[in-house]
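K.L.:
Taking the hints into account, I'd like the entire structure generated from these sequences.
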Amino acid sequence: MLSYTLRRLAFAIPTVLVISLIVFLMLDMAPGDPTGSLPLTIPLEVREQIRQSLGLGDPVMVRYFKWLYMMCFIEPMHILAGMTGWDIAPDGPRILSWQTRSPVGDILVQRVPQTLWVVGMGYLFGILIALPIGVISAYRQYSWFDQVGTFVSMIGFSVPTFFTGVVFILVFSVWLGWFPSMYDTTHNVTNWDSFLFQVRQIAMPVAVLALFNASQISRFMRASMLDNLNQDYVRTARAKGLGEKTVVLVHVLRNSMIPVVTVIAIGIPTVFTGAIITEQIFRVNGLGDALIRAIYVSDWPMVQTITFIFAILIVLFNLIADVLYGILDPRIRYD
Amino acid sequence: MPETGLSVLQVQNLKTVFATRAGDIHAVNSVSFELQPGELLGVVGESGSGKSVTMMSLIGLLPSPPAEVRAGSVQFDGKDLLKLSQRDLQALRGRDIGFVFQDPMTSLNPVFTVGFQIMEPLRKHMGMDKARARKRAVDLLELVGIPDASARLSDFPHQFSGGMRQRVMIAIALACDPKVLIADEPTTALDVTIQAQILELVKDLRQKLGMSIIWITHDLGVIAGIADRVMVMYGGQVAEYGPVREVFANPAHPYTRALMKTVPSVRGERAPQLNVIAGQPPMLSQHPTSCPFRARCAHAFDRCARENPSRVVVSEGHDTACFWDHKTGGPRHG
Amino acid sequence: LADRERGSSGHLNIIYWQAVSTMNPYLSGGTKEMNAASVVLEPLARFDNLGELTPWLVDEIPTLDNGGVAEDLKSITWTLTEGLLWSDGSPVTSADVVFSYEYCTHPEGGCSYRDRFAGIDRVEAVDDLTVTVYFEDVTPNPYLPFVGAGSVIIQQEQFQDCLGARAPECTDANFAPIGTGPYVVSNFRPNDVIEFVANENYRVPTQPYFETITWAGGGDANGAARAVFQTGEMDYAWNLQLAPEVIEQMEAGGMGELLVDFGPLMERIELNFTDVSPDLPPDERGTRAHPHPILSDIRVREALSRAIDRELLTEIGFGPMGMATCNFIVAPPAMASPNNDNCLVQDIDRANELLDEAGWERGPDGIRVKDGERLELLFQTSTNAVRQDFQALIQADWREIGVETRLRNIDAGVFFGSDPGSNDTYLKFFADAQMYASLFEGTDPTPHLEQRRCGREPQPSTQWQGQNINRYCNEEYDELWAELNREPDPDRRQELVIALNDMFVQDYAHLPLVARGRVSAASTTVGGIVMNVWDSEHWNQAEWYRIEE
Amino acid sequence: MAERRKLVEVRDLKMHFPINTGILRRHTGNIKAVDGLSFDIYEGETLGIVGESGCGKSTCGRAVLRLYDITSGTIKIDGVEIGGKSQSALRKMRPIMQMVFQDPQACLNPRMTVAAIIGEPLDEHTDWSKAKKLERIYELMDAVGLNRSFANRYPHAFSGGQRQRIGIARALALNPKFIICDEPIAALDVSIQAQVVNLLEELQDRLGLTYMFISHDLSMVRHIADRVAVMYLGKIVELAPRDALYADPLHPYTQALLSAVPDPDPSVEARVQRIILKGDVPSPSNPPKGCNFCTRCPKVMDICHQIDPEYRELAPGHFAACHLYNDAGQTGAPRTERNQQGEDA
Amino acid sequence: MTDTATPPINPDEAFRPPRNQWWDVWDQFKTHRGALAGLAVFVSIILFVVVGPMVWQVDPGQLNIRMRNQGPSLDFPLGTDQLGRDLLARLMYGGRISVAVGLVAMFLGLVIGTLIGVLAGYFKLLDSPLMRVTDLFLALPLLPLLLILVTLFRDTLARTFGESIGVFLLICFAIAITSWMQTARIVRGDVLALKEREYVLAARSIGTPSLRINTRHILPNVLSPIMVSATLGIASAIITESALSFLGLGFPPDFPTWGRILYEGRDWIEQYPARVVWPGVLISLTVLSVNYIGDGLRDALDPRIRGR
Ligand SMILES: Nc1ncnc2c1ncn2[C@@H]1O[C@H](COP(=O)(O)OP(=O)(O)OP(=O)(O)O)[C@@H](O)[C@H]1O
Ligand SMILES: Nc1ncnc2c1ncn2[C@@H]1O[C@H](COP(=O)(O)OP(=O)(O)OP(=O)(O)O)[C@@H](O)[C@H]1O
Ligand SMILES: [Mg+2]
Ligand SMILES: [Mg+2]
Ligand code: NI
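Residue numbers (the numbering used here), protein chains in the order written: chain R, 3 to 337; chain Y, 24 to 357; chain B, 133 to 681; chain L, 15 to 359; chain A, 5 to 312.
Simulated from the structure, these hints should not be mistaken for lab results. Among these hints, one or two may not hold up.
For the chain Y half of the interface with chain L, some residues (derived, Cβ under 10 Å), not all of them [said to hold, decoys possible]:
hint, residue
1, Val67
2, Gly71
3, Val97
4, Gly101
5, Asp103
6, Gln220
7, Val286
8, Ala301
In silico SDA-like cross-links for lysine to any residue, where the CA-CA straight-line distance does not exceed 20 Å [to be verified]:
hint, chain 1, residue 1, chain 2, residue 2
9, B, Lys164, R, Tyr298
10, L, Lys292, Y, Glu223
11, R, Lys247, Y, Met306
12, A, Lys128, R, Tyr298
To list a few chain Y residues with every Cβ distance to chain R over 12 Å, as calculated [to be verified]:
hint, residue
13, Lys38
14, Pro88
15, Arg116
16, Arg118
17, Gln309
The structure displayed is predicted, hence computed values, not measured ones. The beta-carbon is built from N, C-alpha and C at its ideal position, and this holds for glycine as well.
P.N.:
Structure, rendered in structure tokens:
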């Protein structure tokens, strides 16, 4: 298993590099223009100068390797320095966002907390809701609970989050005034009250995302439980005199979780690119927001960097999913 | 009909039906038998004759739906198992009645260690703590003949060979020293040398622990070797029931007779051709109103198509459900 | 009023749904960045809400009369107010002004407001408080450099290592510039949130009234409006591009009010004078070598203009936030031509007549045909809900006079980009008509009018760069513009602007639609806000205060 | 016997499944599922292969048909060497050699009708018309005793015995000469086992087929096979004509195997003396040094732990690999004589 | 004969030459109530968008400025939008595109995903490269990719196929190329398990070449995960299409697809919720009905369930 993991890791590095190169070339080809979002009053000569100052004069491969060097060495050191306070940040240019003219790494570091709070929680709660729903729907297949569950999850999947989000805001912020409609990214949790405020401000976006995520995951959970409920070992467990709870929650669940856990693991990278629409509706300026804004203004260094991190996460979590599979299911051997 | 006596388990008129989309399947019809203390009852019969379903009905292990126990009573320890609540049944399963399932490959949970699975009933029924349960698990594994038992507790089922898995299943069933052990084709998947090891073990256990055993198999050789009494099932019904020597020596039911003839042997004369029972097993889609074996029976006559024969005693403790009298070679009277 | 003190109003919440990406306006050029920076960084003089020049860091506006502007119109001398301090307590000197010029004109710096300093020969510090700007040429309007929110003074001390290529690397300075304005940045997160605290060294001792400001960014226009009008979470929301009914309904709650004022921003349709048929060779497509087969005829252009119901467009798209117009230059009011009101009323009959005259006959399906060719136009614009509604309305109007319109909407980033590789940019204009809005900075439309001069059109040889988007070409116009560019007399300039406007508009070279107001929303609990379309909306931020009940 | 034609000749067949470990996927070991088998099968005869679960019987069968890419050795079928042929080249040979699989449920695609399953080889190797194929399918169904009306049913609707018949019909479709039956009866109950075995025998009589019959049921093998090979851990430990083997097993493993078979007669059962083997089968990836059986052998000697016994012909047609018979004068010698006497029984 | 193993032989069935197995599928499908309801709804939706405009002959682009933002009335059964266009007509007309794009893009995506999944699962050598390609596509930022596709291909496609078909193909292709990855992963996982099945080995022993092993034995058995992907795929294709059109990468703005109507209604959610609810309901209904059809089909395609 260890060697399998190491081998996969060794392959992961070239994979990520190739992905980053392809993305870089693709962005270079894309028709957007970093000066496209500037007011039309700015004359074209000035625009051209701005483009030159962004380094667009260099050939694309030169830019790529510069970026790669900065991405793989300088940025991590700076982020590490920022987190630990050590004085290890190397000199030399960092990856600068074309739009904000500031290091991309710093912006990403700023945005991770919101993303984790909101999108991460949304995912987490989605899972927490989905699992029991999936388990019960399968255990009582074709009961009214199951039927309603199917219906709701299909609706949850096909109704866009901007609809649910706006409805939530109207009901809970405008009419009832329970929750703030806008997320305060500067809020720090220091004590109980501030924690309560944090809970209130993430309540709605988390609810919206949780509904969406739960819809998908509960389907997987249900299918997987159904596969396992009829297995022979379930009968063995019953024959041992174990209670239904133990039978379902220990024996069946553990087996059913195997595919679900991998589905969940593969879904985690998407947490990091955020839930763009939900972030926008609730003004949660997370990574998703950073990405979409960067795309709109053709801020390619930003897009490239986020994509790169995303690619790493995807490759990594695919690997984790496979390894988890092996750990959860002792029958699987990787060699 | 089995005589009533000091039996551990007494089954009367058990009737189990599977309600499926395509209609009911009458898998078990009016099955009655009893089990004496320390006795080994062998159950044989063709595939699909309801052996497994009968046994699982006893302690409510059939998936419901589709399974439904429609009638009958199962007396165990002064209680009717069919009327017990789910909770009481759970307390009884594993502690008083152990069950070994037909397919050892899939009957163990693949993601838990063997040790965990053996210790589970110990901790639940005997209230043992972890350490004591572990010790007992080691003893059990040694009892069923798995070498290096304490090390193997932390292995997963897939790391065991088929024969070892079957022995683990037996260990689990024996964990709480049950009064009754039901073993459903425990050796069918194994090769003969390992089967022989297990048969030895069972004989041993019976002597040591004095438990009653129900042993389901197709293999008449196995029955001949270990059983005290035998029950032959056909089409969801008991075709013949009696002491093993008596039944093997004087099979009363045409199905039993045919069955005996199909088996080749490693010893003695080699027959040029195997005997077969022509025809197909019955469909079980309706409540039987006629003899289920009549379409394949060499001695069938009118009455067989009109009436479902009930069990008649042919000699001491030996009964059969047939209108044909093997002694006279003609229809039975009464 | 007398008891208002610095900081007495407490905290102010501002929401910019298009978030601010940097605090250095020179490195961004966006209006939102300019607005945010304007509460920290200030110019020497700015325009007030009426468009009048107002001294800001100086005591008076230099003019010919007071000798501040040289007789030869080639230099202007500014004198800083005495005792001005940067927010870090150091004095503001003329060297800072000179440095600001150097910073923005550095060839590698990529300064967005470089054009403000165009035509300058040099900037000299005469003494600590006096600075003179020398122009290369006669400059009748010398009030571009250091005037208005786009041309602010930055501190030399802070930015001196940030010249040229190093400009973007000074992240700390770019995110928290030291300024003379009423507020100081205490926390800046790009594209997210800015926190300001009052500047202790601000020159007016009682101001600013608000102690702190949270300047939130992100979300969407709807949410921003809702936060002001419905939940009261925000006190001020910028740039609410929403349907009039939506705003009206929200405003009805009474928690906030809409602030609208009209500047030079105008929504228009450009008509293409060149043929953009894909069958043409790539280096000739969309150039003056091939005049447009349909739109070269002024009668067609006029018909298209007359068929449009501008009042209706305004009502549907902007409501109180727009005004139908037929002018190219719509503001300042004095420069808006009074001669072109004829197009305000839709005149289908006249339009039909014109097309009949031009030889376009109605075909069986109602679409006009001439020489076997259908009167069919491709009409493109950027993606934006109001513009798509406009497209639909105009399509219907034109359909009525027998013109078939194919619509296309393009992502704004691509449409307004200048990538020569993309065929979808407004510069390439590979369509027959396109719609967008444009404006000019300050109050002087000269550079704006210059755009329509012959030879300034985008073409293959210039990598499709150029500002004469519709490839208009009229010698008379060019001559008249040259005259304007030399004329110092304000009255005469005004006449010339109107004449140029009329010439362009009456040629139906493009079709003005709606003069768009700047739209923001303010909570009813905030006072002192004065909407300004000529400068930053936050030009008088120091004077905003909380209304106590 | 010798004058009969050899249809299948297998020499030193090895099938090792590689175990790769390490970052570089270095090949660090082998599962020696089949480790040096040599045997012949004569035209028209049935070779039985017995042995316990996991000893490599199925692997051997599949390797002989080249369903695996073998590690080494030669396989000659009908005079054609197929050991090294590519899969596409083998395609033409397929009609000659067919296989009936161990698990009748698993080897039938649950989504195909019986007609489609039986017709698949026809689709692949003939260009007959639809009607002609259908004709042949019905013919095959008749041959294996399936009612024609079952043609449109799916495998799940059949009993185990019927499913096995479908598998047999599929194997017969192209008129093969050689069929490998991989435990065709293991999954069936007694009465159905008998049906299948009878069917196989009848087909052999009618069509002159050659079988390799893999099973762990010694009584069935005794019934059907002409010669029997006993495998243990990837090797043949004993190969002999059927009666010779059953009457006088030489190898201790064979002896244990035969003694372990229960007898359906309770009176016989009570008398039988069993050799109960102790311990478990070693792993094929790490076989013991010396004789593979030395860990469980009741007659184990020192030499067994050192040297792998040679596979030798101890009597005409009777091969075994055991040290017991390697030195003349040992306990094994008289048995060999006895065996010779019983040869033509 | 009632108690032999085989059910009473139906005289029609006996000796009937093997018929196309899709008949069996249909027979079984008919017994699945949910699936039938789903099919009925789906057919109604198709009728609604195909036949609807012929019955309700209102031009979806017709502006009635004086009748803006009306509620339901006889003239406008579902009311009008902010330009006074009839919502019913727009939904019917727009549904054609949405449903067509949903189906075609989903289908294309499934084909690509299945192909990659099968190749990766079946051929060991291709597994790793293809899965890395899948990773690549998962990581690619969607929007720039679509922008490039549009820039590169729109004009060419428009010239060869005409504007609307060109755009249609482009959109379907763009959605497909960015949505196949999930399917590929799932299919690969199943194929990995399936190819070890004995009946695949059996097919090899018969001499069936790889291609037909895949089409005949493997593909039909991965149908059920594919069916799930199809259900989810239709929903996301419809939504993605609207996002594309909305960004100006898709259909011209006068094509009222469901997604676009939904997006446009978004700002008016408070004033005129019906404008969001109707297209939302239609999309959900389509997805739900496809889901139930998928369920039924999955059951029907599985002969083991069929018998029950
Ligand atoms: N879950 C079920 N649903 C429907 N019918 C069932 C179910 N389980 C068993 N049956 C039917 O009940 C009958 C008896 O089955 P049972 O498993 O008891 O046979 P058996 O005698 O144990 O056979 P074997 O020797 O093959 O184990 C069979 O006809 C079978 O088809
Ligand atoms: N594809 C494979 N990869 C690795 N090992 C394999 C493979 N196939 C079989 N083996 C191993 O080879 C050995 C022989 O397996 P095989 O299936 O031939 O046994 P068998 O004699 O047919 O047993 P059974 O009676 O259970 O069918 C086993 O240890 C098995 O684990
Ligand atoms: Mg059974
Ligand atoms: Mg095998
Ligand atoms: Ni490992």
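K.L.:
Look at each hint and say if it fits the structure.
P.N.:
Status of each hint after checking the structure:
no. : hint                  : verdict
1   : Val67                 : 9 Å, holds
2   : Gly71                 : 7 Å, holds
3   : Val97                 : 26 Å, violated
4   : Gly101                : 34 Å, violated
5   : Asp103                : 32 Å, violated
6   : Gln220                : 6 Å, holds
7   : Val286                : 5 Å, holds
8   : Ala301                : 8 Å, holds
9   : B:Lys164 <-> R:Tyr298 : 16 Å, holds
10  : L:Lys292 <-> Y:Glu223 : 12 Å, holds
11  : R:Lys247 <-> Y:Met306 : 36 Å, violated
12  : A:Lys128 <-> R:Tyr298 : 41 Å, violated
13  : Lys38                 : 21 Å, holds
14  : Pro88                 : 10 Å, violated
15  : Arg116                : 4 Å, violated
16  : Arg118                : 6 Å, violated
17  : Gln309                : 26 Å, holds
Against the hints set out earlier in the document, violations occur for numbers 3, 4, 5, 11, 12, 14, 15, 16.
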